[in-house]
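Sequences listed follow chains B and R, in order. Quick note on numbering: the first sequence equals residues 1 to 550 in the numbering used here. Quick note on numbering: the second sequence equals residues 1 to 286 in the numbering used here.
Derived by calculation from the structure, the hints in this document are not laboratory data.
Listed next, the in silico EDC-like pairs over lysine to aspartate or glutamate satisfying Cα-Cα at most 16 Å (straight line): (1) 66(B) - 3(B); (2) 274(R) - 221(B); (3) 279(R) - 221(B); (4) 274(R) - 223(B); (5) 284(R) - 149(B); (6) 58(B) - 2(B); (7) 62(R) - 377(B); (8) 284(R) - 358(B); (9) 279(R) - 358(B); (10) 284(R) - 146(B); (11) 274(R) - 368(B); (12) 284(R) - 219(B); (13) 274(R) - 222(B); (14) 62(R) - 410(B); (15) 179(B) - 283(R); (16) 97(B) - 76(B); (17) 284(R) - 222(B); (18) 279(R) - 223(B); (19) 263(R) - 222(B); (20) 284(R) - 223(B); (21) 279(R) - 360(B); (22) 279(R) - 362(B); (23) 263(R) - 221(B); (24) 454(B) - 526(B); (25) 337(B) - 367(B); (26) 274(R) - 362(B).
Covered stretches of chain B (in silico footprint by chain R; criterion: 3 or more residues with CB under 8 Å from a CB of chain R, positions within the stretch not fixed): (27) 218-225; (28) 246-253.
The model shown is predicted, which means the values in this text are computed figures rather than measured ones. Every residue, glycine too, gets a C-beta built ideally from N, C-alpha and C.
Letter by letter, the chains look like this.
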Amino acid sequence: MEELSILIGGKAGDGIRQAGQTLARLLNRMGYRIFFYDDYPSLIRGGHNFSIIRASKKKILAHKEKVDLIVALNQDAVEKHRHRLNSGGVILYDSKKVEAQGVGIDFMGLVKELEGAPIMRNTAALGALAKVLNIDWPLLERVITDTIEKEVDLNLKIAHSAYNQVEKTCFSVPNLSQKMLPLVSGNEAIALGAVQAGLNMYIAYPMTPASAILHYLAEHEDDLGVVTIHPESEIGVALMALGAAYAGAKAMVGTSGGGFALMTEALSLSGQGEFPIVFVVSQRPGPSTGVPTYTMQGDLSFVIHSGHGEFAKLVLAPGDAEEAFYLTGLAMNLAWKFQIPCFVLSDKHLSESIFSFDADPDKVKPEDPLLWDGKGEYKRYLDTLNGISPLAFPGNPAAVVKATSYEHDEYGITTEESEQIARMQKKRLRKKKTMEDELARYEQVKVYGDPESKTVLLCWGSTKGACIEVAEELGLKVVQPLVLEPLPITPLREVLSDADKIIDVEVNATGQLAKHLSGHGICIDDMILRFDARPFTVDVLLEKVKEVLS
Amino acid sequence: MTTVKELGTYAQNTWCPGCGNFSILNSIRKVLVDLEEEGLDLNKLVLASGIGCHAKIVDYIKVNSFYSIHGRVPPPITGIKLANPDLTVIGHAGDGDAYGEGIEHLIFSAKRNIDVTFIVHNNQVYGLTTGQFTPTSPAGFKGRSTPGGSPEEPLNPIDLMLSAGATFVARGFSGKPKHLQFLMKAAVKHQGFAFIDVLQPCFTFYNTYDFYNKRVYDLTDEAHDASDRKAALVRACEWSYGEGERIPIGIFYQVRRSTYDEKLLAGRIPIYLKPGNIKSVLEKHT
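Could you put the whole structure together from the sequences, leaning on the hints where they help?
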């Protein structure tokens, strides 16, 4: 079996994500590469939740609209998703609660009989599913034992009973001999990348879809050597982080568009005061509250242009968990190298999806910033050739460290003198050139698919996964800038120079990357935009691209 | 040892002649010198300020400083203290930024009991923006944004800080510098969130010098028990920043409660933390 997609659906509170993750772990341990998509409305009970677990022999970074199996814990899961079933597909359902054709098992009855809690229907479904997939019981037994925290024995009993009630298997899912990889969400990868680059403090106010970074780091504080803080507001968050950076702590903050709107005041302060800081902005559909638990790439223009005044910033846009890990590490190191704000621009689709994670942790290391050598009198804003002033921190017995939001002289004392003002503006903006030179050492633009193809799918961030598979299917080239500000214009021109047709693929309504590129003289021929708060799936995008090409 | 003079900088002082800020500046310099004699390492001291006339104070003192933005003194000083709890941190703010733009941060600082000192230069008027009413201006205050008189009642920050959980709540008067220095010293030494509202005349836009001089009295002259929260609330409400005959100054309330930094950090010092082993964490992801 090359690949398999399974949808698990029910209402909020049915434990859909939990069941999906356990299934993902099971298939992962069998050597499959996983992409896990989670779809849920902004509520705690009721509504309709579903997860799609796609397992493949080869690395995948996206899910498909079509699935091979639907596990239905309620009727909605059948009604809303029946159309997704591939030919030969099967519905596994809770027979007393759901009307459907396929494999019906009385999950509820079985849970009651074994005196389990109603939520354990999800365990029953997993048991039955393993049998439908012809997976040996001990494999599932092991995963349940490792995954479920409460009442393991009871869950095992329920799963085993459901496993035994399935009379015939419908698929054959063999073990693969590939090495098992960790399963990591985009948010977890962001957290781990920051930790590897020396994160000391993570400060955040809860906001979907960035909250899981805070949860993950808070849960693993001691293992990861990080202090996490949940302050009063996003305004407090960003300003606290600047204070921490001033004192010498590597700090990162995370939020979504609405929260970042509140942080833009602090962003400009980090520009003026030259405080290193990493902002994670995980986008969701706006404007305003928008659609809190769904996805959009609608804040690219906002983030690139955010903050009043003119100052250098770096915006990195990872498209999968591995890039999220590497680029967050890079953001942290470059924030400190250049004493600027650096952004990791994610979205719900990257942040909350789960990937087989094949990054090399040793490739990210904390890099020392330029520190003051202790000679002479310390000047926090020393005017240097590359614009970077050596850092000292309060507590240094030889330095008086004066940081400020005002325009200032080299020492950090307020100035309103015209010469001084122009000199400091130039000094700070000089860092942009220094940073561009440094960035040239890194891979700033990625190319996938057929590099010789004259038709290019241009994308950024989480849209990458679907684009790659479509390009491989149709023999096209994919171009994905990882750095969005300052735009890597030379490498972009290089990879786009012989393109006859550039198709911009974005999950927003106006084509913000296309607009950004047009400002630099790169013109797009076609746009495929999706803005219904859902990500592109491979098969939907394939049809769209075919339409554009026909 | 540093002298008061050595704590000065080359920055030209631009406060109006007669400004109450001079007294606060001289007092804090004097207090810093005294504290250094008592063992405080001035290299481990950070001053912060917001935006407004008060905020220039950090330009006039040769110590580490964080010149923040309007209303946003509490968050950076919280971040500084949490990043390196060995530092002694003193925030200065105006009544506009402490009680207006940034009041949420002030309330949370008191609620958390972060171990920093917070000194409000309260002149009941926006000076640097040339004379508008502030959250503590008396009702009917005629300013440039309220020519017909302020329609709002003033906020009582002493009452507010007591309610929010501050563990050191005091009021000073810039016209009584010796007393102010006593308060500042006690505040810096206090473990926990130490709040001082300093009544300060603005010679240009709201000269309250005579008003205060006639009305202030020292709480220590009246057998006030600063460990008694109820008594503190009664004294706090004796004057509510409008009319009134008697204005208490001194320490309204002081109590030792474990601080935010003690509880949150539990002995950790973030600037010295080393990254953990993510490989062992990743093993749990299979």
